[in-house]
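Chains H and S supply the protein sequences, listed in that same order. Take our numbering: the last position of the first sequence gets the number 489, and nothing is skipped along the way. Take our numbering: the last position of the second sequence gets the number 489, and nothing is skipped along the way.
Note that these hints are calculated values from the structure, not bench results. Among these hints, one or two may not hold up.
Since the list gives no way to pick one copy over another, a pair counts as held whenever it fits inside one copy or between any two copies.
[To be verified] SDA-like cross-link-like pairs, simulated, lysine to any residue; straight-line CA separation at most 20 Å:
| id | residue 1 | residue 2 |
| --- | --- | --- |
| 1 | K424 | L484 |
| 2 | K424 | T405 |
| 3 | K401 | S429 |
| 4 | K401 | T411 |
| 5 | K401 | K424 |
| 6 | K457 | P392 |
| 7 | K401 | R412 |
| 8 | K457 | M444 |
| 9 | K424 | L406 |
| 10 | K457 | Q442 |
| 11 | K457 | S435 |
| 12 | K401 | D456 |
There are 2 protein chains.
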Amino acid sequence: MAAQFPDRPSRQQQKDARTLLELMTRIYPCAECAAHFKDVVRSMPPEVSSGGALRQWMCRAHNAVNRSLDKPAFNCAYVDARWGALDCGEELACDLSLGKPRR
Amino acid sequence: MAAQFPDRPSRQQQKDARTLLELMTRIYPCAECAAHFKDVVRSMPPEVSSGGALRQWMCRAHNAVNRSLDKPAFNCAYVDARWGALDCGEELACDLSLGKPRR
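Here chain H stands alone, though its shape is the one from the complex:
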């Protein structure tokens, strides 16, 4: 979802991303993991101002988990290369920016 999050999300989309991460602190399908994720979200509030900001936040959040599991950290400079956005084709049918005013 972060990979496809728009460069310029609407206010609703920003709110939705924040809400999604918040509710995962309660219904992530493992109670212990949900509690850990709650600590992560508290200590580093999600950044949802753009797709790039959200992806970097996701990377840092993943690395917080990696650290707690003694796993190597992922280099966040490579996030977009590793998890690219969809190619929405000329019709842009998969582009979440569609329906909003063009720049």
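Use these hints to put chain S onto chain H, whose structure you have.
Then chain S, alone, in the frame of chain H:
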């Protein structure tokens, strides 16, 4: 998430599940699919009163998509067998019902 949704979810968990499905009509990472999913949610409001109800709803929602893609429907009687809940062990560390009053 549906597989691990509690048999007796709290009001907050029910609200969270409903919110999750609603926000996916806006930030599901493909605009065309998000719009289709919006139609599904409108025509069959999510059922979040229990894990079983939510899983059956998810199955019907999946089958609505299967139909639109001319794919065979999944027999919803087998949902729990196909997507089982986690084994939370004796400590129940992964059980989302933890922290609520026992029955």
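Status of each hint after checking the structure:
1. K424 to L484: Answer is between: at 15 Å across copies they meet the 20 Å cutoff, but 32 Å inside does not.
2. K424 to T405: both (13 Å within a copy, 18 Å between copies)
3. K401 to S429: within (19 Å within a copy, 24 Å between copies)
4. K401 to T411: both (16 Å within a copy, 13 Å between copies)
5. K401 to K424: both (18 Å within a copy, 18 Å between copies)
6. K457 to P392: So K457 and P392 fail the 20 Å test inside a copy (30 Å) and across (31 Å) alike.
7. K401 to R412: Cα proximity of K401 and R412: in one copy and across copies (17 Å, 11 Å).
8. K457 to M444: within (16 Å within a copy, 34 Å between copies)
9. K424 to L406: So K424 and L406 pass the 20 Å test inside a copy (12 Å) and across (17 Å) alike.
10. K457 to Q442: within (18 Å within a copy, 37 Å between copies)
11. K457 to S435: neither (29 Å within a copy, 38 Å between copies)
12. K401 to D456: Answer is neither: 33 Å inside a copy and 35 Å across each miss the 20 Å cutoff.
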